[in-house]
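K.L.:
Given the coordinates of chain G, work out where chain X should sit on it, guided by the hints.
As they're listed, the protein sequences go chains G and X. Here the first sequence is numbered in the working numbering, starting from 327 and rising by one per residue. Here the second sequence is numbered in the working numbering, starting from 218 and rising by one per residue.
Hints in this document: simulated from the structure, not taken from any laboratory. Treat the hints with caution; some may be incorrect.
Below, simulated BS3-like cross-link-like pairs (lysine-lysine); rule was C-alpha separation at most 30 Å, straight line [as the list claims (entries may be wrong)]:
# : chain 1 : residue 1 : chain 2 : residue 2
1 : G       : K598      : X       : K619
2 : X       : K333      : X       : K234
3 : X       : K413      : X       : K619
4 : G       : K680      : X       : K312
5 : X       : K320      : G       : K566
Label-pair restraints from in silico Cβ distances [stated by the list, open to error]:
# : chain 1 : residue 1 : chain 2 : residue 2 : range
6 : X       : G796      : G       : D733      : 32 to 42 Å
7 : G       : P634      : X       : I785      : 51 to 61 Å
8 : X       : E787      : G       : H783      : 23 to 33 Å
9 : X       : H285      : G       : G334      : 41 to 51 Å
Backbone N, C-alpha and C define an ideal beta-carbon position, used for all residues, glycine too.
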Amino acid sequence: MRGVEYHGILRADGPIVIAERRENVGFSELVRVRDRSGQYRLGRIVDISEQAVAVQLFSENTGISIDDSWIEYLEKPLTFRVGDGLVGRIFNGLGEPIDGYPPLMSSDLRDINGRPINPSARVYPRDFIQTGISAIDGMNTLIRGQKLPIFSGNGLPHNRLAAQIVRQAKVLSGESQFAIVFAGMGIKYDVARFFIDSFENSGVLTRVVMFLSLADSPSIERLVTPRTALTAAEYLAYEKNMHVLVVMTDMTNYCEALREVSAARNEVPSRKGYPGYLYSDLASLYERAGKIEGCEGSITQLPILSMPNDDISHPIPDLTGYITEGQIVLERELAQRGIYPPIAGLPSLSRLMKDGIGEGMTREDHRDLAAQLFSAYAYVKTVRDLAAIIGEEELSDRDKVFLHFGDRFEQEFLAQGEFENRSIAQTLDLGWKMLSVLPESELVRIPPTLIEKYLPHAEASKPKE
Amino acid sequence: MSTGSIIRISGPVVYAKGLAGAGLYDVVKVGAAGLIGEIIKLKGDLATIQIYEDNTLMRVGEPVECLHRPLSVALGPGLIGSIYDGIQRPLPVLKGLSGAFLKPGLAGEPLDSRKKWHFVPSINKGDPIAPGTVFGTIQETDSIQHRLIFDASVPASTAAYVAPEGDYTLSATLVGASDGRNYTAVSYWPVRTPRKFKEKQVTREPLVTGLRVIDVLFPIAKGGSAAVPGGFGTGKTMTQHAIAKWCDADIIVYIGCGERGNEMTEVLTEFPTLIDPRTGRSLMERTILIANTSNMPVAAREVSIYTGITIAEYYRDMGYHVAVMADSTSRWAEALRELSGRLEEMPAEEGFPAYLPTRLAEFYERGGMVTTLEGKKGSVTIIGAVSPPGGDFSEPVTQHTKRFIRCFWALDRDLANARHYPAISWNDSYSEYTEDLIAYWDAIDSAWDSLRSKTMEILKKERRLADIVRLIGPDALPDEQRLILLTADMIKAGFLQQSSFDNVDMYCAPPKQTLLLSCILTFHELAEQAIEHGSPLIKISALPIREKIIRLKSSLENERVQEGQAVIQEIRAAFAQLGTMAQGAVSA
Numbered sequence: 327m328r329g330v331e332y333h334g335i336l337r338a339d340g341p342i343v344i345a346e347r348r349e350n351v352g353f354s355e356l357v358r359v360r361d362r363s364g365q366y367r368l369g370r371i372v373d374i375s376e377q378a379v380a381v382q383l384f385s386e387n388t389g390i391s392i393d394d395s396w397i398e399y400l401e402k403p404l405t406f407r408v409g410d411g412l413v414g415r416i417f418n419g420l421g422e423p424i425d426g427y428p429p430l431m432s433s434d435l436r437d438i439n440g441r442p443i444n445p446s447a448r449v450y451p452r453d454f455i456q457t458g459i460s461a462i463d464g465m466n467t468l469i470r471g472q473k474l475p476i477f478s479g480n481g482l483p484h485n486r487l488a489a490q491i492v493r494q495a496k497v498l499s500g501e502s503q504f505a506i507v508f509a510g511m512g513i514k515y516d517v518a519r520f521f522i523d524s525f526e527n528s529g530v531l532t533r534v535v536m537f538l539s540l541a542d543s544p545s546i547e548r549l550v551t552p553r554t555a556l557t558a559a560e561y562l563a564y565e566k567n568m569h570v571l572v573v574m575t576d577m578t579n580y581c582e583a584l585r586e587v588s589a590a591r592n593e594v595p596s597r598k599g600y601p602g603y604l605y606s607d608l609a610s611l612y613e614r615a616g617k618i619e620g621c622e623g624s625i626t627q628l629p630i631l632s633m634p635n636d637d638i639s640h641p642i643p644d645l646t647g648y649i650t651e652g653q654i655v656l657e658r659e660l661a662q663r664g665i666y667p668p669i670a671g672l673p674s675l676s677r678l679m680k681d682g683i684g685e686g687m688t689r690e691d692h693r694d695l696a697a698q699l700f701s702a703y704a705y706v707k708t709v710r711d712l713a714a715i716i717g718e719e720e721l722s723d724r725d726k727v728f729l730h731f732g733d734r735f736e737q738e739f740l741a742q743g744e745f746e747n748r749s750i751a752q753t754l755d756l757g758w759k760m761l762s763v764l765p766e767s768e769l770v771r772i773p774p775t776l777i778e779k780y781l782p783h784a785e786a787s788k789p790k791e
Numbered sequence: 218m219s220t221g222s223i224i225r226i227s228g229p230v231v232y233a234k235g236l237a238g239a240g241l242y243d244v245v246k247v248g249a250a251g252l253i254g255e256i257i258k259l260k261g262d263l264a265t266i267q268i269y270e271d272n273t274l275m276r277v278g279e280p281v282e283c284l285h286r287p288l289s290v291a292l293g294p295g296l297i298g299s300i301y302d303g304i305q306r307p308l309p310v311l312k313g314l315s316g317a318f319l320k321p322g323l324a325g326e327p328l329d330s331r332k333k334w335h336f337v338p339s340i341n342k343g344d345p346i347a348p349g350t351v352f353g354t355i356q357e358t359d360s361i362q363h364r365l366i367f368d369a370s371v372p373a374s375t376a377a378y379v380a381p382e383g384d385y386t387l388s389a390t391l392v393g394a395s396d397g398r399n400y401t402a403v404s405y406w407p408v409r410t411p412r413k414f415k416e417k418q419v420t421r422e423p424l425v426t427g428l429r430v431i432d433v434l435f436p437i438a439k440g441g442s443a444a445v446p447g448g449f450g451t452g453k454t455m456t457q458h459a460i461a462k463w464c465d466a467d468i469i470v471y472i473g474c475g476e477r478g479n480e481m482t483e484v485l486t487e488f489p490t491l492i493d494p495r496t497g498r499s500l501m502e503r504t505i506l507i508a509n510t511s512n513m514p515v516a517a518r519e520v521s522i523y524t525g526i527t528i529a530e531y532y533r534d535m536g537y538h539v540a541v542m543a544d545s546t547s548r549w550a551e552a553l554r555e556l557s558g559r560l561e562e563m564p565a566e567e568g569f570p571a572y573l574p575t576r577l578a579e580f581y582e583r584g585g586m587v588t589t590l591e592g593k594k595g596s597v598t599i600i601g602a603v604s605p606p607g608g609d610f611s612e613p614v615t616q617h618t619k620r621f622i623r624c625f626w627a628l629d630r631d632l633a634n635a636r637h638y639p640a641i642s643w644n645d646s647y648s649e650y651t652e653d654l655i656a657y658w659d660a661i662d663s664a665w666d667s668l669r670s671k672t673m674e675i676l677k678k679e680r681r682l683a684d685i686v687r688l689i690g691p692d693a694l695p696d697e698q699r700l701i702l703l704t705a706d707m708i709k710a711g712f713l714q715q716s717s718f719d720n721v722d723m724y725c726a727p728p729k730q731t732l733l734l735s736c737i738l739t740f741h742e743l744a745e746q747a748i749e750h751g752s753p754l755i756k757i758s759a760l761p762i763r764e765k766i767i768r769l770k771s772s773l774e775n776e777r778v779q780e781g782q783a784v785i786q787e788i789r790a791a792f793a794q795l796g797t798m799a800q801g802a803v804s805a
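Here chain G stands alone, though its shape is the one from the complex (with noise of 0.2 Å):
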């Protein structure tokens, strides 16, 4: 009940707490615990049976005692005030204000877990968001109400990436509401920083609401954070009737506290320590993208995650490629020969984009034209994994102009500048010049009406001597 605290504990482990059962408690309900310290504590009921209930905290739990500690039943699950004036602000992990403003003037609570959206409900996303990158909006095509992952590494330019994102990206059919939800999960200081700057240098900071929970924050909390951002979130897709673009970074930090807390509650784990639900868990965060019939509002979220090891097939990048439509994998390669944005050719995918690019949309050539560039560029790792046996002088001519071609749309085509924003014709147009370097005979992936338009005759250019 409110305002009844009960006294004492009968057992404190890790992040879980457990109580006597003194009162007839919900599943999932929220429970407040003050410590001798007269500090307080969230936490959430993960089990009950008749005789004691079992609670997860939020926060760290230094300081629980089993005698000194009171604890109360809040009778709701954990929840979100939402409401006008939202956009603008930054919170805690938990929800909290913490920049220095009094809460919302709103009584309107919404639980963080947010509820499935109904299959039969989604319209199928297949507005293009041009971002300005050509490895992007060429080969990956970003589709508002997707969930896109940046597949990242330590020490990779991720963050400028996202950044550049947020700041370029536009829907081609006119002006429309956006805002910008920022979900910090165990990041450092500089790196929250540099995202408030770069949004304040690009004029959108009165558009973010942001929710952060650093790297010194309880790792616990990081359960927490991307559910209240994405209850944001939903509030303004769905009833304000805005595009929302979700950043969530870093991934791999949420995973980990997942962990941590099934290790705690003594789960059987899977692979590598992580529980057997960590698909289903995640799948609950991203599958709160999309579109809804309707409404004109959409989320598409942007989840950022580092790879332990640049490992691609590690859980965490695995299970996220699974519920995701699709990745931007950023290669360790690419970046230290300076290419920025380092996007690799291959890996990267937008499921999406097959249905948001064409005549009406991007342009005729769109699709084939990936499709060639992809398989050329496919063709080019082959020629170069040769090269590096026989060395490039043994090479036929033929594969000699695919290494020319590779190199080109490396340095011309995924490299570009960071505040470089191009449109899509400007790419697709770029697309081709790349694709003159090779004898047209190889263009196989293209039908022959579109080469005739679109190919560029004059520049007929010889592999370097």
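P.N.:
For chain X alone, coordinates are given in the frame of chain G:
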């Protein structure tokens, strides 16, 4: 009905006492909200229940009501074109009740009880009633006639009343039996029990998918079972969608089990606009969707597979050929693992329960070609996607699945990266049905078998040569061997690769499949001869006819396959010309 009470709540698993007479897998209504659940363990008075919905704020002491019947699906006209969740609640109806977001405790009738259907009786008063007897028909869609058949649970008696032909709702009694039972157009069947049939048959008829790599290299039989394993982004769902669109089954049951919501939306928006090449009707008029996406409750994901297969068996019993797409069986296995973990069972490999292989076997064995109770031939073909963690096929779900399927379409990361779709690897895939199906294909084109084995041979040789090329480069190879590489490239680009966006290429009928192969292999054969007669490979690869053959897949419509013979003539002419030029060069 007995009522007990909750004594413990641990996520979607709750424990209850006081359910007298409850049986394993009985349906229960849990808590004040009446959430649907299933009893999965009994120990004395203690019942363990898995709940199919979100149980936030459920309390200890709330009532549990046992319905004393296993979880069943409603079967009757109106299933086709529907979209259900894992426990057969119609999602569009739920949308009307709770808006775009699903709330727990909602109920909706799976089949619209107000809609009237035109019933034509096929028995008369006094006729015997027995399992397998057809008592009437209803035209469900323009191409599907719904045959109302007494199922195996119906006791034998005689018909005391038969409704005359006319329009009836689903609650109207159509047949009254002499033992006092009344039968409507709707029947119920427990999802975990396979429906009965007379006998299983060996199948010698292919499920034509219109995908060349499958139909020619790794064909599947009607009533067969196949697995499509692949890491993320390799095109499992795309392959399943393509098969669901173009295969020659009468009915498609598409189970989206723990996958993306947008994929179901894609089917819902795309299928109604596509036309089935065989019936000329919209593809949605043969499709049933079960959508339990990854963010919907995990226990319902476990049962969604059974819901789908039971509906498939129901149409099989009417004598239809049904294809079931299960996307993905790995998510289903993970649901088993999650629930097993909550039950604190001893895990086997990678945390999966020890009974995983048994469950997989039971599922795949529900497929097959059968003689129905009525004596007709019907089949259920199962195509299950497998999502191995890290794309590693040695993990338990892929390995156990391999034991129970006979067709393995392995998706390859490198092919997918090069945007070679469908990314079905010709090195790792296999089909055990090939031998059974040769007779069928030979009737269409007597050269099928030899074309197929020649293609496989070239691809096999190419694989061996590719290893050498990787070490010393292609220039070191003699022309005959480089021709193998050239032909293999043509097979890949002009035959194996198939675009699902190209209106001509998306569906390839069997005659065109063999034609494309004949063209490529004719080219190969003539090139071999030309090389023997001294033509250099560089001249052969420069022949414009080569590009034409590669583009043939998207330039020649299925209906115009006859014109393909002209292309073969053209190939011959091109080589004849090459021959005279070479002759000329020699004599000069």
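K.L.:
Evaluate each hint against the coordinates.
P.N.:
Structure-based check of each hint:
1. Between the alpha carbons of K598 of chain G and K619 of chain X the distance comes to roughly 25 Å, so the proposed pair stays at or under 30 Å and holds.
2. As the CA atoms of K333 of chain X and K234 of chain X are separated by approximately 43 Å, the hinted pair breaks the 30 Å bound.
3. Between K413 of chain X and K619 of chain X, the direct Cα distance comes to roughly 26 Å. Compliance with the 30 Å bound is thereby established for this hinted pair.
4. A distance of roughly 28 Å separates the Cα atoms of K680 of chain G and K312 of chain X; the hinted pair therefore holds under the 30 Å criterion.
5. This hinted pair checks out: K320 of chain X and K566 of chain G have alpha carbons roughly 21 Å apart, not beyond 30 Å.
6. A hinted range of 32 to 42 Å for the beta carbons of G796 of chain X and D733 of chain G is consistent with their spacing of about 40 Å.
7. Hint check: P634 of chain G to I785 of chain X, Cβ distance near 55 Å, so the stated range 51 to 61 Å holds.
8. The hinted range of 23 to 33 Å is satisfied by E787 of chain X and H783 of chain G, whose Cβ atoms lie roughly 27 Å apart.
9. A hinted range of 41 to 51 Å holds for the C-beta pair H285 of chain X and G334 of chain G, which are about 43 Å apart.
Comparing the model with each numbered hint stated earlier shows that hint 2 is the single one that does not hold.
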